[in-house]
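Participant: Spelled out, the chains give:
Protein chains: 2
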Amino acid sequence: GIIGINIRPAQTTLAFADLDARFLAQESFATTQDPKHFVVELIPRIQNLIRARPEITCEGIGVSLPGRVDLGTKRLVFAPNLGWSDVDLKTPIEKATGLPVELENAANSCALAEIWFGRHAEGVRNLLAVTVSEGIGCGLILNHQLLQGSTGMAGEFGHVALVENGLECRCGNRGCWEVYASNSAAARYYAESTSRPRKSRNGSGRAARNVQFEDLLSLSEQGDAKAREAVNRMAQQLGRGIALLITGLAPDVIVVIGEITRAWPRVGPIIAESVKRNSFTRAETRIVPSDPSSQPRLRGTIALVLQKHFGAPSVA
Amino acid sequence: GIIGINIRPAQTTLAFADLDARFLAQESFATTQDPKHFVVELIPRIQNLIRARPEITCEGIGVSLPGRVDLGTKRLVFAPNLGWSDVDLKTPIEKATGLPVELENAANSCALAEIWFGRHAEGVRNLLAVTVSEGIGCGLILNHQLLQGSTGMAGEFGHVALVENGLECRCGNRGCWEVYASNSAAARYYAESTSRPRKSRNGSGRAARNVQFEDLLSLSEQGDAKAREAVNRMAQQLGRGIALLITGLAPDVIVVIGEITRAWPRVGPIIAESVKRNSFTRAETRIVPSDPSSQPRLRGTIALVLQKHFGAPSVA
Numbered sequence: 001g002i003i004g005i006n007i008r009p010a011q012t013t014l015a016f017a018d019l020d021a022r023f024l025a026q027e028s029f030a031t032t033q034d035p036k037h038f039v040v041e042l043i044p045r046i047q048n049l050i051r052a053r054p055e056i057t058c059e060g061i062g063v064s065l066p067g068r069v070d071l072g073t074k075r076l077v078f079a080p081n082l083g084w085s086d087v088d089l090k091t092p093i094e095k096a097t098g099l100p101v102e103l104e105n106a107a108n109s110c111a112l113a114e115i116w117f118g119r120h121a122e123g124v125r126n127l128l129a130v131t132v133s134e135g136i137g138c139g140l141i142l143n144h145q146l147l148q149g150s151t152g153m154a155g156e157f158g159h160v161a162l163v164e165n166g167l168e169c170r171c172g173n174r175g176c177w178e179v180y181a182s183n184s185a186a187a188r189y190y191a192e193s194t195s196r197p198r199k200s201r202n203g204s205g206r207a208a209r210n211v212q213f214e215d216l217l218s219l220s221e222q223g224d225a226k227a228r229e230a231v232n233r234m235a236q237q238l239g240r241g242i243a244l245l246i247t248g249l250a251p252d253v254i255v256v257i258g259e260i261t262r263a264w265p266r267v268g269p270i271i272a273e274s275v276k277r278n279s280f281t282r283a284e285t286r287i288v289p290s291d292p293s294s295q296p297r298l299r300g301t302i303a304l305v306l307q308k309h310f311g312a313p314s315v316a
Numbered sequence: 001g002i003i004g005i006n007i008r009p010a011q012t013t014l015a016f017a018d019l020d021a022r023f024l025a026q027e028s029f030a031t032t033q034d035p036k037h038f039v040v041e042l043i044p045r046i047q048n049l050i051r052a053r054p055e056i057t058c059e060g061i062g063v064s065l066p067g068r069v070d071l072g073t074k075r076l077v078f079a080p081n082l083g084w085s086d087v088d089l090k091t092p093i094e095k096a097t098g099l100p101v102e103l104e105n106a107a108n109s110c111a112l113a114e115i116w117f118g119r120h121a122e123g124v125r126n127l128l129a130v131t132v133s134e135g136i137g138c139g140l141i142l143n144h145q146l147l148q149g150s151t152g153m154a155g156e157f158g159h160v161a162l163v164e165n166g167l168e169c170r171c172g173n174r175g176c177w178e179v180y181a182s183n184s185a186a187a188r189y190y191a192e193s194t195s196r197p198r199k200s201r202n203g204s205g206r207a208a209r210n211v212q213f214e215d216l217l218s219l220s221e222q223g224d225a226k227a228r229e230a231v232n233r234m235a236q237q238l239g240r241g242i243a244l245l246i247t248g249l250a251p252d253v254i255v256v257i258g259e260i261t262r263a264w265p266r267v268g269p270i271i272a273e274s275v276k277r278n279s280f281t282r283a284e285t286r287i288v289p290s291d292p293s294s295q296p297r298l299r300g301t302i303a304l305v306l307q308k309h310f311g312a313p314s315v316a
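Those protein sequences? They're chains A and B, same order as listed.
All residue numbers for the first sequence refer to our numbering, where the first residue is 1 and numbers rise by one.
All residue numbers for the second sequence refer to our numbering, where the first residue is 1 and numbers rise by one.
Quick caveat, the hints were computed from the structure, so don't treat them as lab data.
Being a predicted model, the structure only gives us computed values, none of them experimental.
Careful, some of the hints might be misleading.
Here are the computed lysine to aspartate or glutamate pairs in the EDC-like style, where the Cα-Cα straight-line distance is at most 20 angstroms [said to hold, decoys possible]:
{"#": "1", "chain 1": "A", "residue 1": "Lys308", "chain 2": "A", "residue 2": "Asp70"}
{"#": "2", "chain 1": "A", "residue 1": "Lys90", "chain 2": "A", "residue 2": "Asp70"}
{"#": "3", "chain 1": "A", "residue 1": "Lys90", "chain 2": "A", "residue 2": "Glu59"}
{"#": "4", "chain 1": "A", "residue 1": "Lys308", "chain 2": "A", "residue 2": "Glu41"}
{"#": "5", "chain 1": "B", "residue 1": "Lys74", "chain 2": "A", "residue 2": "Glu164"}
{"#": "6", "chain 1": "B", "residue 1": "Lys74", "chain 2": "B", "residue 2": "Glu94"}
{"#": "7", "chain 1": "A", "residue 1": "Lys74", "chain 2": "B", "residue 2": "Glu94"}
{"#": "8", "chain 1": "B", "residue 1": "Lys276", "chain 2": "A", "residue 2": "Asp18"}
{"#": "9", "chain 1": "B", "residue 1": "Lys226", "chain 2": "B", "residue 2": "Glu259"}
{"#": "10", "chain 1": "A", "residue 1": "Lys36", "chain 2": "A", "residue 2": "Asp70"}
{"#": "11", "chain 1": "A", "residue 1": "Lys74", "chain 2": "B", "residue 2": "Glu284"}
{"#": "12", "chain 1": "B", "residue 1": "Lys276", "chain 2": "A", "residue 2": "Glu164"}
{"#": "13", "chain 1": "A", "residue 1": "Lys95", "chain 2": "A", "residue 2": "Glu59"}
{"#": "14", "chain 1": "A", "residue 1": "Lys276", "chain 2": "B", "residue 2": "Glu168"}
{"#": "15", "chain 1": "B", "residue 1": "Lys74", "chain 2": "B", "residue 2": "Asp88"}
{"#": "16", "chain 1": "B", "residue 1": "Lys308", "chain 2": "B", "residue 2": "Asp20"}
{"#": "17", "chain 1": "A", "residue 1": "Lys276", "chain 2": "B", "residue 2": "Glu164"}
{"#": "18", "chain 1": "B", "residue 1": "Lys74", "chain 2": "A", "residue 2": "Glu284"}
{"#": "19", "chain 1": "A", "residue 1": "Lys90", "chain 2": "A", "residue 2": "Glu41"}
{"#": "20", "chain 1": "B", "residue 1": "Lys74", "chain 2": "B", "residue 2": "Asp86"}
{"#": "21", "chain 1": "B", "residue 1": "Lys90", "chain 2": "B", "residue 2": "Asp34"}
{"#": "22", "chain 1": "A", "residue 1": "Lys226", "chain 2": "A", "residue 2": "Asp215"}
Take the sequences, apply the hints, and build the full model.
Facilitator: Here it is, written out as structure tokens:
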């Protein structure tokens, strides 16, 4: 079996999967702000998961993170949405469990999962995974290989400035794609449209600002005009960045991963229209949503261990 | 020997090189607007070059273009700065000469030339070539391989919209990087600053608009403040796009190719400063100018034939 750990800013999910990436058990807990406390909370949960299935040998642990892992040191070095920097998760987990730990950016592991488990045409050569959550990540499979880049930093298109002198991003830059097209962006659009200026000092705006993206999606599905408008704006901005990726990299397929895929019948056409308006290219790129029921982020953690220990099926 | 043909909007250069990519003969002529007339002019020039050196066997012809060549049909499909579309150059040249013709985007062939002939650290894995001329092209060597992408369209970062609702580009899009950072952009900046509004109707603005980029560089070197300011603005905008490339792809090295490299001692720091201001990444990317005396665009055409016929030295 394989232990997969998917760390997100609000919540961390652990799962125990068999080698076919079927989840045999899984649990979640609130991600602790302090990384040291987080590790202290995480380790006994891993140990319990392993102990609960004594008949299954555990091969390794895959961890996916909303950030970048230095190729050399294997430390988490860049994770603005998590608020962590320069954290070593690998050593303490390996010490406590005796198992090899593979750490990878969430978008990279999703891209690997798409190659391992995704239903794509045989031999798809260039595939980008775009994870849309609190931020935006990109995993780049180019010429059948994961692009890691200098010290492991490739794929940070979420932090490309799409708006000159735009809103400040948690990365320190301004106008980043993810500031306009992430789940957080949609929540902000909604808060802006629902907060009544006169009352904003006594906190009504603040309450709206804290709307969860999943609630926003539900409101939108129920026909709430302001929720719908917020999701539409997010989809348009998603299209702008996807246009950039298609213009520059001309992949065969872009897979979008995240809660937004639940609303695909409605947002898919908005994204497609925005891509068309914002790019002029002869590349023939398909834009497809991942299947949310397959838990792509969690499955990505399993792919990390599979590809390390068993070799990739089509990644050279 | 190898025949290399470097097509640019204003001028086409032909060269005869030995297998070490030393140029034995070379000549230039004005690029004919109509592609059919162009081919009619080009073919006898190729034949003369070959006939002049009867002692050298010609192995093939490399052609580099400011546009994209469809991987399947080998036709030129996207060349806004040339004004050509859907042109077959390969068949008529092969028919007339009996030699195999390799066609490739100029930036792609420059990237290959950098890998073949460039003075980079052994085994550089990720190298981007940014050609700055009438437009901007990007050749992407990622994981030691040239990225071609779906139907050969990868690398059109010059046509990524850096300015929302910006100036119209010859590609049909608005606000493209090359509209703000190419040689043509610098010429426009200069024209804008030198045209006197009162006299603009009788054409003084128009004269300034036609300044050649090489003249602009010379004026700038001679201390002309407006020329200097135009080149500075171009360098700042070059930095914005390079910041995007570093953020997204985190290459080991970016090689800048074009007339601008002549002014590198002055523009290099401006580009570096702009990259720093516009990106927040831990990637460690070196930004270096190609050596203009090595005629990188022309050498790129030789690399095209070498890599096809002799296999790449480090490109897998």
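Participant: If you check each hint against the structure, which ones fail?
Facilitator: Of the numbered hints given earlier, those the structure breaks are 4, 5, 7 and 8, listed in rising order.
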